[in-house]
Amino acid sequence: MASYVLKRILQGLFLIWLMSIVAFVAIYALGNPITALINPNSPADVIERVTRELGLDLPLHEQYFRFVGNLLRGDLGQSYVTSQPALGLILERFPATLELTLVAMTIAAAVGLPLGLYAGYRPQSLVGRGASAISMVVLSLPSFWTALALIIVFSIQARVLPTGGRGEIGFIFGVPTSLATLDGLRHVLLPALNLSAFPMALFIRLTASGVQETLHATFIRFARAKGLTVRRILFVYVLRNIVVPVITVIGIVFGVLLAFAVVTETIFAWPGSGRLIIDSIRSSDRPVIIAYLMFTVTIFIVINLTVDVICALLDPRISLQGGK
Amino acid sequence: MQQKTSHSPEDAVLSVEDLTTEFATSHGTLRAVDAVSLQVRRGEILGIVGESGSGKSVTGYSIMGLIDRPGAITGGRIMLNGVDLRQIGEEGLRQVRGHRIAMVFQDPMSSLHPMLTIGAQMVDAALAHRPIGRRQARMEARDVLARVGIPSPEERMRSYPHELSGGMRQRVSIAIALLNRPEVIIADEPTTGLDVTIQAQILYEVQKLVAETGTAVIWITHDLSIVAGLADRAAVMYAGRIVEQGTIADVIERPAHPYTAGLLASVPHRNRDMRKLPQIPGSIGNAHSIPGCRFAPRCGFVKPACEARPAFDEVAPGHRAACIVAGRFAQQLAEAAHG
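Protein chains in written order, with the UniProt record's numbering: chain Y, 1 to 324; chain X, 1 to 339.
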């Protein structure tokens, strides 16, 4: 177990290194950021001086080596715009995104998993058909549209929830969060609802198809032949069988939401890291973009490792010894 | 379906009368089990023999109430100690399944849940029917595992199915079937795909258990030689119908139906000069749609009268066959089969 985790961490570090090259080269290919940073009409000597100060006069590989050298010291560079450490900027914004994503995932799982379970057990029922149809519609709706629809209905027409912003922040066990205050909760509800639509629809479909497939398995028929109740069969024998794929997808979706909650954060003016990356791209703030990409890759690696370990603990057929 | 009340013998634990199970298909209704009647007594082993598609497994599932849509039982009665299982509702059936009638499936590799321990799956089966504690259930499970010949049962209960061989898994399935001391066990080809030696062990243990506990067993198989060695009585099924039923001696030594005779002739025995084994020409095909004798297209004794459904008459006391020539030609058939 420990050696498996160690191996996976080393693989993860390798992946982060690969990502650093990809990110660096890709951003470099976007062109010289200097034109976006200072007035292009500045005198030539000013442009040259700023370029040299930022190290942008060096060839690509030398810029990269400087970046890696700093990275190994834990320094992801400073923002061109604010001169603050890039990683610090991200970490400052990240809790807001994490909070939003956690609320969205909780809503998605709390609604999507039971609904999917029922839709899989009774696909011909009203609820079953309805859940499948709605999940299909939701999967094809763009999130900016649902965001605007939510704002129009709940904020402008019904005037029950705010249109955006994070609201008042309180503390739970010393952690600053908007979940601690009523105002904060009212602010988080709409964006979280919007963000939960896609994973919720995904969970419904995934769970429903998993349940339907499992119900046809011989071991379910054998469980029925043992005289088990429907409840026991559904909640132990069926659920146990689909828990591994469900957890895997939850992990992937969680990572995706954390990294790409951009649209929802932008529309609801949610001060998360998704907004930060959009602002940084707009202002060609190279260090922040690269730091954000590295940070995202790291999160994905951590989530994937966690998911794999959980799945191995749940499924006796999965071995963590590395071999077969 | 006419009502028969005095039909079943007093000592039959399970008496199936005119059971009919149909499946809705895109080509119309398929009658997989067509007016099947059979009885099994305490301590008796009844073999149901037939080839794939003869309806023998569907008969087993029908008795268990495990027919799912698009299939349904459309006629007949399933009397367990005088109570019709078709009239007791889903919860009533649940209480019967695994408790009074247990079933062992054909495929030991897929009968057990892959992510639950053997012990958990056994305890579940016990607790579904009896208000005993978890500890008591585990003790009983361990004892039953030992009885079906599983070494170190305490350890095996903590194992997962993938850690056991096919033979061990089938023993576990049988142990689960025995756990609640059912009155009837339906075994659906439980030894198919197992090594011959393991098969022999399991058959021996089943016989021993029947003798010890008095459980009635319905053993479903395509293998006549298993039935010959194991069962007290045999029912031969063809295309959803029972074509012959009687004691093992009746069916094996004095077959009265041409299909049974054909089956017996195609069992390889003492074939040293490498003769081609006699085969029954043709295949079961869509014999289910034939209104008269379903075996007629493959039968060497076919007559115009075979276009009507043959009666299932006694050729000797306790020996019935659904064939118009059965009474007169039983002796010839026997000679043909053994000659």
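To be clear, the hints were calculated from the coordinates, so they are not data collected in a lab.
Just so you know, not all the hints are guaranteed correct.
[As the list claims (entries may be wrong)] From the structure, some residues in chain X lie toward chain Y, with a derived Cβ separation under 10 angstroms:
#, residue
1, T20
2, Q121
3, R142
4, C306
[Stated by the list, open to error] Computed Cβ-Cβ distance ranges for the label pairs, DEER-style:
#, chain 1, residue 1, chain 2, residue 2, range
5, X, P131, Y, F171, 20 to 28 angstroms
6, X, Q95, Y, I252, 52 to 60 angstroms
7, X, R158, Y, L126, 37 to 45 angstroms
8, X, R158, Y, T82, 55 to 63 angstroms
9, Y, P316, X, R130, 23 to 31 angstroms
10, X, E314, Y, H216, 40 to 48 angstroms
11, X, Q95, Y, P316, 26 to 34 angstroms
12, X, Q95, Y, L15, 34 to 42 angstroms
[What the hints assert, rightly or not] Under 7 angstroms between C-beta atoms, here's a sample of chain X residues computed to sit facing chain Y:
#, residue
13, T25
14, M64
15, R97
16, F105
17, D107
18, L112
19, H113
20, M115
21, G119
22, A125
23, A128
24, M157
25, Y160
26, H162
27, S165
Computed from a predicted model, the values in this text were never measured in an experiment.
Even for Gly, the Cβ is constructed at its ideal location relative to N, Cα and C.
Hint by hint, here is what the structure shows:
no., hint, in the structure
1, T20, "21 angstroms, violated"
2, Q121, "8 angstroms, holds"
3, R142, "17 angstroms, violated"
4, C306, "37 angstroms, violated"
5, P131(X) with F171(Y): 20 to 28 angstroms, "49 angstroms, violated"
6, Q95(X) with I252(Y): 52 to 60 angstroms, "43 angstroms, violated"
7, R158(X) with L126(Y): 37 to 45 angstroms, "44 angstroms, holds"
8, R158(X) with T82(Y): 55 to 63 angstroms, "59 angstroms, holds"
9, P316(Y) with R130(X): 23 to 31 angstroms, "28 angstroms, holds"
10, E314(X) with H216(Y): 40 to 48 angstroms, "42 angstroms, holds"
11, Q95(X) with P316(Y): 26 to 34 angstroms, "31 angstroms, holds"
12, Q95(X) with L15(Y): 34 to 42 angstroms, "56 angstroms, violated"
13, T25, "17 angstroms, violated"
14, M64, "6 angstroms, holds"
15, R97, "4 angstroms, holds"
16, F105, "6 angstroms, holds"
17, D107, "6 angstroms, holds"
18, L112, "6 angstroms, holds"
19, H113, "5 angstroms, holds"
20, M115, "5 angstroms, holds"
21, G119, "13 angstroms, violated"
22, A125, "4 angstroms, holds"
23, A128, "5 angstroms, holds"
24, M157, "14 angstroms, violated"
25, Y160, "4 angstroms, holds"
26, H162, "5 angstroms, holds"
27, S165, "16 angstroms, violated"
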